[in-house]
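Top to bottom, those sequences are chains A and B.
The opening residue of the first sequence carries number 1 in the working numbering; numbering runs sequentially from there.
The opening residue of the second sequence carries number 1 in the working numbering; numbering runs sequentially from there.
If you are wondering where the hints come from, they were derived from the structure by calculation, not from laboratory data.
For each residue, glycine too, the CB sits at the ideal point set by N, CA and C.
Each hint can be trusted.
List time: in silico SDA-like cross-link candidates among lysine to any residue, alpha-carbon distance up to 20 Å: (1) Lys44(B) to Gly10(A); (2) Lys13(A) to Val93(A); (3) Lys47(B) to Asp108(A); (4) Lys44(B) to Ala23(A); (5) Lys43(A) to Ala88(A); (6) Lys44(B) to Val93(A); (7) Lys43(A) to Ser21(B); (8) Lys47(B) to Val2(A); (9) Lys105(B) to Glu46(A); (10) Lys44(B) to Asp108(A); (11) Lys105(B) to Ala40(A); (12) Lys43(A) to Thr5(B); (13) Lys43(A) to Pro42(B); (14) Lys44(B) to Gln3(A); (15) Lys43(A) to Gly102(B); (16) Lys105(B) to Gly43(B).
Stretches of chain A that chain B covers, calculated by requiring three or more beta carbons in the stretch to come under 8 Å of a beta carbon on chain B: (17) 40-51; (18) 102-112.
What follows is the residue order along each chain.
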Amino acid sequence: QVQLVESGGGLVKPGGSLRISCAASGFTFSDYYMSWIRQAPGKGLEWVSYITTSGSYTNYADSVRGRFTISRDNAKNSLYLQMNSLRAEDTAVYYCARGMRAGCNWFDPWGQGTLVTVSS
Amino acid sequence: QSALTQPASVSGSPGQSITISCTGTSSDVGGYNYVSWYQHHPGKAPKLMIYDVSNRPSGVSNRFSGSKSGNTASLTISGLQAEDEADYYCCSFTGIILVFGGGTKLTVL
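Excised from the complex, chain A in its bound form (with noise of 0.2 Å):
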């Protein structure tokens, strides 16, 4: 079946770098847009960043452009969001999603998420 999995959260301190990952199964990783979405604690969701099949395309939210970054490696079937400067509102539960083929009107499935905690 199709399966997500997050995996690289944990606790960093404020102007730290963190690498979470998403190990993908039970589909062709490379026919689909891939995304990561939040929830930072007591709060609702908030996009973070998709990315193409080919990962020539990445867009971003406002909250974390410039500070983070999107990849993913087709060979591997893994994405991965390298978060940089990070700070305390970048606390939160990390998901990562599936879009379409073809772009990323929605989310289906999602992973369990990753726990990203960032705390002097």
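With chain A's structure known, arrange chain B on it following the hints.
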């Protein structure tokens, strides 16, 4: 890009119907038929319930339906069941980025 506006909470009794609204602008909800809805039970992965305003993915109960009028989209759940109690989020693709609503907590009384 501002978040879409949803009511913080709604409630209903088993068997009843409820509707959750999602209000945006002509730049998001009103401008594209790309509204999706997600059910989120805390601690679990969010689940797609409706895509492209009114389409139901395979496996989602036909008790869930979506619609849109102008800048406001709606999710209706009929025949409420205890397992429907969850947080619900709308999302709109704006042609460039995506924006979520603030979420609505559904309580089944």
